[in-house]
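Same order as they appear, the protein sequences are chains A and B. With our numbering applied, the first sequence covers 172 to 1048. With our numbering applied, the second sequence covers 984 to 1093.
Hints in this document: simulated from the structure, not taken from any laboratory. Please note that the accuracy of each hint is not assured.
To be verified - Taking CB as the label site, the calculated pair distances span: (1) A:Ser251 / B:Glu1044: 44 to 50 Å; (2) B:Glu1044 / A:Arg579: 37 to 43 Å; (3) A:Ala576 / B:Glu1044: 40 to 46 Å; (4) B:Gln1075 / A:Gly230: 30 to 36 Å; (5) B:Arg1062 / A:Val564: 58 to 64 Å; (6) A:Asn290 / B:Glu1044: 51 to 57 Å; (7) A:Tyr243 / B:Gln1076: 29 to 35 Å; (8) A:Val564 / B:Gln1076: 34 to 40 Å; (9) A:Tyr243 / B:Ser1072: 41 to 47 Å; (10) B:Arg1037 / A:Ser203: 36 to 42 Å; (11) B:Arg1062 / A:Val970: 15 to 21 Å; (12) B:Gln1075 / A:Phe605: 35 to 41 Å.
Virtual Cβ for every residue (Gly too), placed ideally from N, Cα, C.
Given next are the chains, with one letter for each unit.
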Amino acid sequence: MTWWKRRSDRLDDEIQKHIEFEIEQNVAAGMSAAEARSAALKKFGNVSLAKEESREIWGWLWLERLWQDVVYGLRGLAHSPGFTVVALLSLMLGIGASTALFSVVYGVLIAPYPYQKPNEIWAPAIVSPKEPSNGWRQYPRREFPAIQKLPGVATAMATTYEPTLLTGDGSPESFYGVLVTGNAFEFLGVKPLVGRTIQPFDVRPDGTPEPVVVLNYQFWQRIFNGDADAIGKKLILNDVPRTVVGVMPPRFGWFTDDSFWMPMSVDLTDETPLNVIVRLQPGVSKEVVEQQLQGLNLRLAAEKPQDFPKGGFRTSLLNYMDITVASGAMKSSLHLLLVAVGFLLLIACVNVANLQLARTTARAREIAVRLSVGASRPRLVRQLLTESVLLSVLGGALGVLFAIAATRAIAALMPDFYKPNEARITMNIYVLLFSLGVSLLTGILFGLTPALRCSRPDLAGTLKDGGRGSVGSAGGQKVRGWLVAAEVALSVILLAGASLAIRSFSQLTRIDPGFQPQKTLMVNVPLPPKRYATLERRNRFARSLLEGVSVLPGVEAAALGNGGMPFGGPRSAYSIDGQLRKEDGRIVVGFISNDYPRTLGIPLKRGRTLTAEEVADGTHVALINQTAAKLWSRGENPLGRRIRLDLLNKPGGSQLLIPAGSTSDITVVGILGDTTNAGLREATLPAVYVPYTLLAPPTRVLAVRTFGDPLSVLNAVRQKLRDLDKDQPLARPITLEQILGFQTVQPRFNMALFSCFAALGLALAAIGIYSVISYGVAQRMHEIGVRMALGARRGDVLVIVLRMVAKVAAVGLAIGLCGSIALERVVRFQVFAAASFDFAALAGVVLVLSVVALLAAWLPARRAAGLDPVTALRHEA
Amino acid sequence: MDLLQGTLDLLVLQTLASGRAHGHAIAQSIEQRSREILQVGHGSLYPALQRLLRQGLILAEDGQSDNNRRARFYRLTPRGRRQLSLEASKWQQFSTAIGYILAPPADETN
Chain A
172 MTWWKRRSDR
182 LDDEIQKHIE
192 FEIEQNVAAG
202 MSAAEARSAA
212 LKKFGNVSLA
222 KEESREIWGW
232 LWLERLWQDV
242 VYGLRGLAHS
252 PGFTVVALLS
262 LMLGIGASTA
272 LFSVVYGVLI
282 APYPYQKPNE
292 IWAPAIVSPK
302 EPSNGWRQYP
312 RREFPAIQKL
322 PGVATAMATT
332 YEPTLLTGDG
342 SPESFYGVLV
352 TGNAFEFLGV
362 KPLVGRTIQP
372 FDVRPDGTPE
382 PVVVLNYQFW
392 QRIFNGDADA
402 IGKKLILNDV
412 PRTVVGVMPP
422 RFGWFTDDSF
432 WMPMSVDLTD
442 ETPLNVIVRL
452 QPGVSKEVVE
462 QQLQGLNLRL
472 AAEKPQDFPK
482 GGFRTSLLNY
492 MDITVASGAM
502 KSSLHLLLVA
512 VGFLLLIACV
522 NVANLQLART
532 TARAREIAVR
542 LSVGASRPRL
552 VRQLLTESVL
562 LSVLGGALGV
572 LFAIAATRAI
582 AALMPDFYKP
592 NEARITMNIY
602 VLLFSLGVSL
612 LTGILFGLTP
622 ALRCSRPDLA
632 GTLKDGGRGS
642 VGSAGGQKVR
652 GWLVAAEVAL
662 SVILLAGASL
672 AIRSFSQLTR
682 IDPGFQPQKT
692 LMVNVPLPPK
702 RYATLERRNR
712 FARSLLEGVS
722 VLPGVEAAAL
732 GNGGMPFGGP
742 RSAYSIDGQL
752 RKEDGRIVVG
762 FISNDYPRTL
772 GIPLKRGRTL
782 TAEEVADGTH
792 VALINQTAAK
802 LWSRGENPLG
812 RRIRLDLLNK
822 PGGSQLLIPA
832 GSTSDITVVG
842 ILGDTTNAGL
852 REATLPAVYV
862 PYTLLAPPTR
872 VLAVRTFGDP
882 LSVLNAVRQK
892 LRDLDKDQPL
902 ARPITLEQIL
912 GFQTVQPRFN
922 MALFSCFAAL
932 GLALAAIGIY
942 SVISYGVAQR
952 MHEIGVRMAL
962 GARRGDVLVI
972 VLRMVAKVAA
982 VGLAIGLCGS
992 IALERVVRFQ
1002 VFAAASFDFA
1012 ALAGVVLVLS
1022 VVALLAAWLP
1032 ARRAAGLDPV
1042 TALRHEA
Chain B
984 MDLLQGTLDL
994 LVLQTLASGR
1004 AHGHAIAQSI
1014 EQRSREILQV
1024 GHGSLYPALQ
1034 RLLRQGLILA
1044 EDGQSDNNRR
1054 ARFYRLTPRG
1064 RRQLSLEASK
1074 WQQFSTAIGY
1084 ILAPPADETN
């Protein structure tokens, strides 16, 4: 502390001077220098004791006063335990909940990335009026240099995946290796933990990459036990030995959180789609670069019109901060929850305000007495301030504990795939300070203002009045009434929000997905593309696997597929015989084996399913879903009709193999029931199912329907794979029920948090009502006594009290309902898919609130009704 | 003769009543005005000054001493002046009372 040091130095200096003066005086009186000095020191006494005692006074007095105030404040708080507990609880919940939720939002939305200036990273996207945003646009590898050369682009980097098989000492394992351009790590600006990152020189001048690999932290921990000796070791990846050159820190997960990064070749003939991001030249605006990219896109669209929207398009740049996995539904629901938790903090503050107001008003008499016996106003104010601060600090401390627990709970509740893998959710100190500050201010404002008002000169009035309800305190009661009404309104909004979240969730769980999710295991079988380089090899492997798995004990049925497993799948342009081709029409294509309908439990509606022979031979026959059947005009039977799928002879991408001379015409032989193939909340898309042998991607999905626990056959399936190819692993085993569960986790998250906040809000509001009504009863005790003395009965008194509650609750309810309806319009489409208010939900909210309000008022009302008129009349203060 | 507990504060206030002074001057003044009967341990002056400062009875300021040296001066605040008259009259009463008790009763001497 510098001021302490300064003061200390000044004292030393002063004492030094004092002694010098004395010496000079003694010398002037004729002493020798040595005599003068010793006489002066003798006269002064113990120098360090003097200093110490002086310093003690500084600290002591200051501390003593503070201590007195703190002790007095604590005693005051202990004296009214009800007030203290309720205020502390309010503060704890308000501060804790808002800090926790904001910490999550900060972690996943505001600062999700470890990259350098992530808000200056842009990703190209294409917007067309007909097709809503396509998201992050991918570019073929050969176009990457063209993007780099755009004048407004300072630097560009590109990323793609490659299924990668790790072989060697341990058991074989498959990963998605990440291929990046040589400048990628410079672009992202993240330093390695050990070794080095991939550098531009890792791509040779002729465009071929060096066989090096940079490891993800998890991978390093698992495969190398976190040993720094890993640098320089070789890993056999897709049969190529690669040298480990570096390890990234735990919080770096560019496109992967469990594998590795490898340099990408520069190849001007390669069509593989790349995810490209750019940073702009300084001073160049986003719009300018969008124009430049638009030029490039127009050229590409002229070359390959099928890859671009038909009705024209424009290019826009998305900020990378906006394309985190937490964006979209999760983002809007987090924003909404942030508002909700803000309401909660408000309710907590209103509660504290209310309590402080009631308390200080009740203490008006005490304050007046103390002033009249000579307490100084500043001292009194300091005492009240200490008490308010004390309360807030205690509440804040509890809030911190609550926030720590709640942050963990929310983070645990939040579905993993909504958390960017680099996000770190920790308690956010700034938010904590903010909510602490808000509640501190509330406490001080509402604790001090009434105190100041009643410490003004009119002591006699306050003393005479005896706190029996002067004009001033009637005004205070009015303010408190409004505060409680505000609390009620806020909790109505929270309750209404919770009812929406619950409805939205329950609607979702009642949706029939169109397939039977029980007892079905799904696994990925990623074949290394270079080992299985031909369509025949891939199909032969698939067929042997399917045959082997189907006869395993405990297996009811098994099917292979790409698309419709159960969500998503490639989309193809199509045309139907006898109809005009719809240029922007797309149909989902599922590449399936014959037992697909039985394995997923999808009913056949008309016609027949595919036979094993048709699938094995790659006959051009197809099943369609009911939605696709509507593509034919009414009354027309799609069975036996032909549909042309562009995907079948132009699959796009070098990894997708098709039979030589494949045509795109296919005949419909059956109609399957609709499934929710685009996700539970989305409308079913038209889908067509064709034999899987018509297209061979490296990775296929295997679905196995079992008689018992689906996971019990996992090991047998894994063994079957090994029997076919000892280096072949399986990836991502999961049950169909789990996949379906992912669809409901986000609404469940909404529902859980919203209900929680609403319950807390309701509890706080109930406390608010209780405190204001019991205070009001105490204030009107004398009046009630008079009324009872004049013949009012218990019932009449009850009515008086309940009327007080009814007024406050009705105003709050009215405001809250208007607010909810207004807010509902805003949020319905963003967050709660289809759900909207209905009469029952709103009536429920009103009912819950009324019951809570009545309960909260019941105790004070009964107390009032049970009063003995004589006691009530004698009641003072 | 040593000071009675708590009287040093009063003496300092009294000394400063006639104007501002630095620590050494205060000590000197108390000794001289008590006709050298009271011995103020100069060291004990400083805690007393700090105490009076804290209570807001005196103020400190930098200034020039008689022999043109920089020193720290103290002077009374209005509250200090009030406190002085209060304490002084208390002392007066106190010492008068003590005087009555210690003085031989008039009738006995007769």
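Checked hints:
no. : hint                             : result
1   : A:Ser251 / B:Glu1044: 44 to 50 Å : holds (46 Å)
2   : B:Glu1044 / A:Arg579: 37 to 43 Å : violated (57 Å)
3   : A:Ala576 / B:Glu1044: 40 to 46 Å : violated (55 Å)
4   : B:Gln1075 / A:Gly230: 30 to 36 Å : holds (35 Å)
5   : B:Arg1062 / A:Val564: 58 to 64 Å : violated (32 Å)
6   : A:Asn290 / B:Glu1044: 51 to 57 Å : holds (55 Å)
7   : A:Tyr243 / B:Gln1076: 29 to 35 Å : holds (33 Å)
8   : A:Val564 / B:Gln1076: 34 to 40 Å : violated (47 Å)
9   : A:Tyr243 / B:Ser1072: 41 to 47 Å : violated (32 Å)
10  : B:Arg1037 / A:Ser203: 36 to 42 Å : holds (40 Å)
11  : B:Arg1062 / A:Val970: 15 to 21 Å : violated (58 Å)
12  : B:Gln1075 / A:Phe605: 35 to 41 Å : violated (60 Å)
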